[in-house]
Each structure stands twice: as C-alpha cells, then as structure tokens.
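Using the sequences and the accompanying hints, generate a full structural model.
Listed in order, the protein sequences are those of chains A and B.
No gaps in the numbering here: position 105 of the first sequence is 103 in our numbering, and each next residue is one more.
No gaps in the numbering here: position 206 of the second sequence is 204 in our numbering, and each next residue is one more.
Among the hints, erroneous ones may be present.
Since the list gives no way to pick out one identical chain from another, each pair is judged satisfied if it fits inside one copy or across any two copies.
[As the list claims (entries may be wrong)] Each computed DSS-like pair below joins lysine-lysine, with the alpha-carbon atoms no more than 25 Å apart:
hint : residue 1 : residue 2
1    : 167       : 269
2    : 254       : 336
3    : 25        : 116
4    : 25        : 254
Calculated directly from the structure, the hints in this document are not laboratory data.
2 protein chains.
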Amino acid sequence: MKNVINVGLIGCGVVGSGTARVLLENKADIAKRVGVPINIKRIAVRDVMRKRPIVLPDGMLIGDPYVITDDPEIDIVCELIGGVEPARSYVQRAIEHGKAIVTANKEMMAKVGHDLLKQAENASLDFLFEGSVGGGIPIIQPLKQALAGNRVREIFGIVNGTTNYILTKMARENASFEDVLREAQAKGYAEADPASDVEGYDAQYKIAILASIAFNTRIDVSQISVEGITKIAQEDMEMADKLGYVIKILGIGEMKDEGLRVRVHPALLPKDHPLAGVHDVYNGIFVRADPVGDVMFYGRGAGSGPTGSAVVGDIIEISRNIMSGGTGRLGCTCFDTKPILPMSSLIAKYYIRLTASDKPKVLASVAGVFGDFDVSLESVEQKPVENGDAEIVILTHQTIEQNLLSALDVLRRLSVVTTVDNWIRVED
Amino acid sequence: MKNVINVGLIGCGVVGSGTARVLLENKADIAKRVGVPINIKRIAVRDVMRKRPIVLPDGMLIGDPYVITDDPEIDIVCELIGGVEPARSYVQRAIEHGKAIVTANKEMMAKVGHDLLKQAENASLDFLFEGSVGGGIPIIQPLKQALAGNRVREIFGIVNGTTNYILTKMARENASFEDVLREAQAKGYAEADPASDVEGYDAQYKIAILASIAFNTRIDVSQISVEGITKIAQEDMEMADKLGYVIKILGIGEMKDEGLRVRVHPALLPKDHPLAGVHDVYNGIFVRADPVGDVMFYGRGAGSGPTGSAVVGDIIEISRNIMSGGTGRLGCTCFDTKPILPMSSLIAKYYIRLTASDKPKVLASVAGVFGDFDVSLESVEQKPVENGDAEIVILTHQTIEQNLLSALDVLRRLSVVTTVDNWIRVED
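The structure is reproduced here in structure tokens:
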C-alpha cells in the first residue's frame, strides 16, 4: 500500500500556480479525503529564476520536464502549459513511463486527445481533463459518470468567459464591441491578440471536447462551424432586448436522427432561458438528455483558482483509483462514429437586420423575397434611419438555413436594399 | 473477469420503474460505456400482480426482497422504496452479503446514512446515493470528487420541487398559498398530506446530506432549524417583488470560523441571483468554495426519469469499479466533527411586515424599538390599509437574529402595533 501520491507539474503559469496553491494550502483536508497525502515532487518551468505568485519549497522548480515524465517515484503528471506541442510529447512520454495524466489543455484534447486517451487506456492508466472545459465547473466528470445512463440530445452553453464578458458589457452599457474589447484587454480579461476568444476558436475546442463525450463520437475540430462575435453591433443588442432576447455566443452540439451537428456562433436566447442569466466571465453549460431532462452547470470558466480546483479534483480522483487498485477505469468514451451534418441543413429561427429605402412597397418586396424561398416571417419591425433609409428587423419562423442564405443573397442584390447588416440564429 | 453485472431492485414505484426503464431502454449504450452489459436480475415489490408503468420480462418481479439481498449472483442492490424501515434492514442485509448499494432514499441517508456508509466501507463495498438529493442533478458526486480539492464555505439551494412550484405560482399568479397548494395536489405535484414538503422536512433531509458531505461533518437532522412556507402571504410576495427580490425556500449550510450552521427556511433572494431564476419544480444548488468560487447545479429535482438517471449513473459508476477491481474507493467522508451553531447567532438581513395604527409618530416608535436592540434599518415603506391601520414593511441591515427576535417581541406588545404579520430572512 502506498503511503503518499507523488505529483509532478509541467507548467507553473495561471493554472499551474493555482493547482500548486490548492495542493499546498488544502493539503491536510485532501490527505483525509484520499487516505494518503498528495505531494508535489517537482514543477517544470521554462525559467526557474522567474518570480512566481506562490512560495514553493526550495528545489521544487526544475527546467527539464523529462525529469518529471521519467521519474519512477512520480505517480501523476499534470500537463499545464497549453497548446499541442510540446505538451503532447511530454504527455506521451509520461504515459510511456507509466504515469497517470491530468491536463487542462483544451487545444491538445480537442485536436489529439483521442489518440492520447487511447494510449493511456491501453496502458490501463488514468487520463483526466476536467479543467479543459468550463474552468472549475464539474462537467466532464458528470457527463462521463453521473449522467452516463442518459442519451444526450443536446449540449450547449456559454463556454468562453472573455466573449461573455464583452457581450454582457455591450448589453448593459450600450457600448460597442471595439470599446468593450479595448477595456477588457486593459483589464487583462482579453488577450492582446483576441482572435482565439472573439473569433470563437476557444469555444470550438471546448464544444469539440464536450460533444465528443456527450455523443460518444470523436468530433474533429474541422467539423465544427465557427462564427465569432465581431459582427455583433449595438443595434443588434438593442433590438434583441426589445424582442425579448439576449445575445450570447454559444457552443452547441445536437443529435438529430441523421447525425450530429456541432457549431459555435452568437445566438439570440429568450430572456427567461437559464443561460440568459449567465453574465460576465461566468460560463454555463446546458445538457438536454433522456431521461434526466434539462440540467445546467454554472460557474467561473477560467482562472487560476477555478481551473486549479478542476485539476486538483482530477488528481484526487486518480489518487483514489491508485489507492483502491482500480486505475484505468474510465478510458476514451468515443466508441461510436455518428455522421456529422452540415450547417446548411440546420433548421432554426433567424434574426435579420437590414437597411433599405424608406419608400412604399419596399417592405412588401423584401417580404416577397423571403416568401420565394419558403422563409416565413414571425415579426417585422421597420423604423426610419438617416439618408431616407429604413432599418428593417425581421424574426423568421423555423426555416432551413440554406433557404435563408439564398434569400439573403437575393436581398443583397435587390436595388431597394442598401445593406443586409446582420443575421443571427435564434435558439428557443 | 466478469462478463455481466447483475442488479437487483427493491421497489418499483416512481424511482424503481424509472431506473428499470433506463437500464432496459439504454442497455446497448450502457454496455459500451461500462464494458459489459448491466442486467436486471430481479425486482422486489409488495404486490407482484399490480400493473406497472413499464413492461418487464416474466418472472422478474418477486415478493421477497431477501431473495435479492441474498442472491450470490447479484452484484448491486438498489434500494428504492424510501423511508427508514424496512429499507435500512434490506440494505444492511445486502451489505452483509457483499453487495454494493445504490439508494435514492433521502430520509434513510439523512437519519442513518452514516452508519450504513461505515458498514459498506468496512466491507470495501461501494455505496452511492446520488438520487437522494436533487433528482437527476449531479451534485453528490461533484462534491465528493470533482470539487474535492476545495474548502466549501457555503452550500445552499432550492432542493424541494413541490414548494418551489407553489412559490413560483404564487408569485406569477398573485395567488394564495392555500389555492396553489390545492391546485398542486390536484395535479399530483403535492401529496394529500403535504407536510413533508411545505413544512420543509424533505428539504431538511436533503441539506443534511449535502452539508454532511460539503463540510465532512455528520449533520444530525435534529441540528437543522426548519421553517416551511405556510406563513408566506400574497402580500409578502408582492412586497418582495417591489423591493427587488423573489421568495424561495432554501436549504442552507454554511461554515463560519466558530462552526457550521445548517437551516431550511423561506428567504428573500435578489432577482439577479442565479437561484432566483430557478422556477417551477426545478431545483438549483449553489456551492461557494475555495478556490473554485461560485458554482451552481440546476435541473429537475424529482420524478421517475431524473431520479432514475441518478440511480443508473450510480450503478454504472459501481460497475466500472467492479470491472477495474477498485471497489470501495470512496467511503463516508465525514472525518471531521465541526461544532453546530444555533440560529440565534445568525447574522442576516431581515424583511418584516407589520400592521400598526396609521397615526403620527407610530413609525418613529416602531423604528425606536428596533434601535433599542441595535437593529438598524435599510428601508421602511408604509401604506394605509383598512380599519385606520397602516402596513409597514421594513428591510434591516445585517443584524444578529437574537436581537431581531427580541425587538419583534417588544413590538408585538406595543399598543400601536396591531400584528407583526411576518418576518423573513434576506440572503444577499
């Protein structure tokens, strides 16, 4: 029987220092919960001389990650540097040396997680990655375990804190995307290069991971349609509010009879939807499944403490497996290969905002174009703007996306239409 | 290596039939997730001739639960009848015969769960009870596992669907408690004898279970202060709304420097609190912990499908433990004995509604009494009602509950005060 679990951390940035802090500060309680103490043996960092936000025992920091992956005394290796390489190489080497793995690396898991999980599974080693989605929110473990009796029909949510912060601010303060982004960058909530967040790539990795687990099918990142929030204007925020909606960027995975559809895009959500109340940097993930019905998970989606909580939860889980002799109990769950459906066959409601000449019969001809493509309209609002133009805001009934896009194509070429300013899907 | 996991169910009512349905309908997927099929071998019921809401194979129903507890082929016994006895006896016998246990029995777990968990732990057997709180919402497993690195400061939530349905209806339709209760009974949402729900006993069991896990300390049901919703009037609903609050009945466990306080009572919650949006029969459980911050879990808190989902999740979890050879990995987590604090030392804000003579200086003398007991007031609203009386609604600042109660005692004896109609704690 082991009397200590030794852990090695690779990386001591935001997540690594958060993980180390929890393991050190809650050491006594964690030891009681596991049955033996969990000891950080080594932390590998690029620069051992750099000042860290926590005080670590002398000699704990080292420069070479392979000292950790190859150390026979280390039971669990935590990869906390992010990105695919060199993270993947460290993880592969650690598995080769019989280590269980914990990671919070969404990009690695979304892109090459399947192979890594298989490698660990073949070696009967545990491999957990709760921190890769939703920060400290327990979501991967509930999907794989507590909800494992269910058939998931939909999983969708707010999985990127930066864009949720921006959209929340835009809605509350009637501010433009550019202004709020600049402020978020100043506060450190958004990166200097904000593309990963505002273009939706971060959310794409996360919904790839969630949908793969929920539908037991490996979702390739390239199969996920992605739109960011850069096109959301103040006018859209105002109109959505007036129509009884909020605008959120969602990661969505859904199972239809014909296959799966996985997507990231801004959407109008009814104000009384539980996700509509998820503000600022918080994340919320909604699961619709049989027989559980609707369940939602909510919390801080990023940061040192929350993600550290998830990583330590995984370390504790693996430690218990090691202590009970039951390692490798939960491998890759992608045992299915359901087909992936294109966006063009999506059936949804749509919000459209366009500018047209403020003249008689213009509305009729705009409505006529939608009718030509079988797009039926739920509501139309028109108001005069400058230059003799009118702003027309339309909500459609359920329609096939391809039909909507064809109608918009024709509208853009219509002489009375100045611009098709925006169109956004509505999730009811 | 086993090639099947055999399960025996005791009880085939709402939860039992929900459990059987999931195991039968999702059998193929569950087999893939576990690695071997999960087979229902027997279901014990009081009346084998009674018609059941699901079609079961011939001979599956039997009358004697001890045939299940004693069957050497059965791996997991699911106790789904509720109440302490005879459920406890069946569970004890099953553990004696080496069976892992799954139960959704909140009363048994709150009252005698500690001893049963110890008995199972000593035999290295798994004992899971996710369905005992929050229906299908994963909350016990996340608390014991994904959040295990945290120090929980507070756990509180809406844990009883019936009372949440009643309060939601009262707020939406400006209806009285009695009218809504009658309607809920007609619809089958409330029992003919509604005491267990409306007096808060059901919530008391659930918060006993949650707080015991969250604080690693066994909370005895008798240590929990309980108030139900029968005293909530339409006037309170209206005033709460006007003041920016909703009224919900909450189960609350909190850790203070001096110890734990666990309680069930109606409370005013700010409208922008995530739990304020939990309506109808839904439950929501909020956890505030270091370092994860605030996390919330939301879903249907009862019913055949949701609770069946939780029971099957537990069955799958145990089956994986059996298959990996790691049973008994998670026993009773009550390794601490933190002191329990009385309600009188609670520090909170309070809402008070009283009726007094509509005469000059009355408000001053009412306010004076609060001042005498160091209760400072945040807001006071007064409006004339019938018989020359005025209704006075007060929100206090943070104060010690004992001081508030003393002030109310004096107010009740004040000649100008007709009645102290209600007082409700405010949770900010």
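Right, here's what the structure says about each hint:
1. 167 with 269: both (16 Å within a copy, 19 Å between copies)
2. 254 with 336: Within. Shortest intra-copy distance 10 Å satisfies the 25 Å Cα cut-off; inter-copy 50 Å does not.
3. 25 with 116: Cα proximity of residue 25 and residue 116: across copies only (24 Å, versus 32 Å in one copy).
4. 25 with 254: between (46 Å within a copy, 20 Å between copies)
Violated hints are absent here; each numbered hint is respected by the structure.
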